[in-house]
Amino acid sequence: MRTLEDILLRHPFLKGLDQKYLKLIVGCASNVRFRAGEFIFREGEEANHFYIIRHGKVALEAFSPERGAITIQTIGEGEILGWSWLFPPYHWPFDARAVELTRAIALDGKCLRNKCEQDHDLGYELMKRFAYIMDQRLQATRLQLLDVYGVHDERG
Amino acid sequence: MSTAFMMREADDRDPMVPRLFKVRRKWREARDIFTIELSPDEGTHPFSAGQFNMLYLFGTGEVPISISGDPARPEVLLHTIRTLGAVTRALQRLKTDDLVGVRGPFGNPWPVDEAEGGDVVLVAGGLGLAPLRPVLYTLLARRRSYGRIALLYGARKPEDLLFKRELERWRGRFDLDVEITVDIATGDWLGNVGVVTKLIPGVPFDPLSSVAMVCGPEVMMRFTVKELLRHGLAEERIFLSMERNMKCGLGLCGHCQFGPLFVCRDGPVFQYSRIKELFRVREI
Ligand SMILES: Cc1cc2nc3c(=O)[nH]c(=O)nc-3n(C[C@H](O)[C@H](O)[C@H](O)COP(=O)(O)OP(=O)(O)OC[C@H]3O[C@@H](n4cnc5c(N)ncnc54)[C@H](O)[C@@H]3O)c2cc1C
Ligand code: FES
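Residue numbers (our numbering), protein chains in the order written: chain A, 475 to 630; chain B, 84 to 367.
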């Protein structure tokens, strides 16, 4: 069976990271699972973790009284969920709900945040990786905002 | 002499003269999209995946529409149409046994034969699934000639998904990866939410042997190409279907000009490497 360490070592998010930092991150990691429908975090709650999704699917949702839960995006296998633990005030801006049975590795962001403050090399390595994910998500969100399949556009 | 007679006479001879087809059936696919089944009084209408017809309605006008049916069944001519303006609205109002003029098929096909022996990735956005459906029919009919086959399909909302029953069937197959995503959904949608390009990293394909066929709005195709290139697919292995306003469909009038190319004659399917410079230019 693959250990937590194996899984983390192979994940693209941590590729190229110095061995000593990897060890430190493994120390902050734990295996978690969520049943279909279960909330992983709720809007406004304190953000202390981030997740590497191993299997399953998570919906990021905003709730509106008129329209109910609106899914903004789904996060699937291999993707990273959550970066609010990195930025004050460390609160989740959305709900995250497992759409199906989801297995993930939870990383203790609060602990990592302190380590990053003490060791800026680690901080930079993690920031670089999160900045890349944020850039990808921002581009995807922009494309989503273009509403390309609307009738105002060519074909689609 | 009646118009109908003149048209039948001219059948197969003059590509400028429509051939008469009867409406057999028509059904709704989504809010503003329907499929119409046409058949000629006699004979068939052979076509290749990716080709389009000019549909002519007397007194209203003529529009280019891709063929969305199975090339192996040329006796059933299907078009999947979004109701937009005068002609498509009039097509939507047709009843069983009404007549439609058909010119075509025009344009070059998707590279279904060239893709043999490798993996195939189909990326469809919105109505772009209609011109790709004939490809999927052909690939599945010749399943053993291909490696992995993936269909990645993005739509605006769950209600806008086309060919829902077929999508369900395709998703149930073990020899086909079907991934669907929508831009907007409420909590009862259990599928993916996000842009179609996000589905690309999730499908295992061998970039060296794969062919990608992409159809949808141009912006969606631009982002899709970028993502496919990032995953190692060569420009020559990416094919896109382009749309421009058309009149003759034969490379004569210049209406469908796309830089130095005519979409009706040189396309609508283009190898990305051939049009990449034009693709980036605005107002072409
Ligand atoms: C090769 C090719 C294949 C096509 N395949 C299909 C198909 O399978 N199904 C389908 O529904 N349509 C398809 N189209 C587009 C279709 O030809 C147009 O939607 C149609 O010509 C509109 O005619 P109309 O008289 O109903 O609307 P018009 O009165 O001509 O236009 C009504 C409104 O729609 C806009 N419009 C016109 N054409 C387009 C277009 N291509 N895209 C977006 N907006 C447009 C106009 O600017 C106007 O605002 C294809 C076009 C090409 C070139
Ligand atoms: S439509 Fe006339 S040249 Fe293409």
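These aren't lab readings, by the way, just hints derived from the structure by calculation. Nothing here was measured: the structure is a model prediction, and the numbers come from that model. Certain hints may be false.
Unchecked claim - With a straight-line Cα cutoff of 25 Å, these simulated SDA-like cross-link-like pairs (lysine to any residue) come out:
| no. | chain 1 | residue 1 | chain 2 | residue 2 |
| --- | --- | --- | --- | --- |
| 1 | B | K309 | B | G334 |
| 2 | A | K489 | B | K240 |
| 3 | B | K309 | B | T269 |
| 4 | A | K589 | A | N505 |
| 5 | B | K240 | A | L575 |
| 6 | B | K309 | A | Q610 |
| 7 | A | K602 | B | P343 |
Claimed, not checked - Reference listing, derived: stretches of chain B covered by chain A, where coverage requires no fewer than 3 residues with Cβ under 8 Å from a Cβ of chain A:
| no. | stretch |
| --- | --- |
| 8 | 299 to 309 |
| 9 | 347 to 361 |
Backbone N, C-alpha and C fix where the C-beta goes; we use that ideal spot for every residue, glycine too.
Outcome of the hint check:
1. B:K309 with B:G334: violated, 30 Å
2. A:K489 with B:K240: violated, 36 Å
3. B:K309 with B:T269: With a Cα-Cα distance of about 29 Å, the restraint between K309 (chain B) and T269 (chain B) is violated, given a limit of 25 Å.
4. A:K589 with A:N505: holds, 21 Å
5. B:K240 with A:L575: It holds: about 24 Å lies between the C-alpha atoms, which stays within 25 Å.
6. B:K309 with A:Q610: Holds - the C-alpha atoms of Q610 (chain A) and K309 (chain B) are around 12 Å apart, at most 25 Å.
7. A:K602 with B:P343: violated, 44 Å
8. 299 to 309: Per the Cβ count (6), the hint holds.
9. 347 to 361: Per the Cβ count (0), the hint is violated.
The structure fails hints 1, 2, 3, 7, 9 (numbered hints given earlier, in ascending order).
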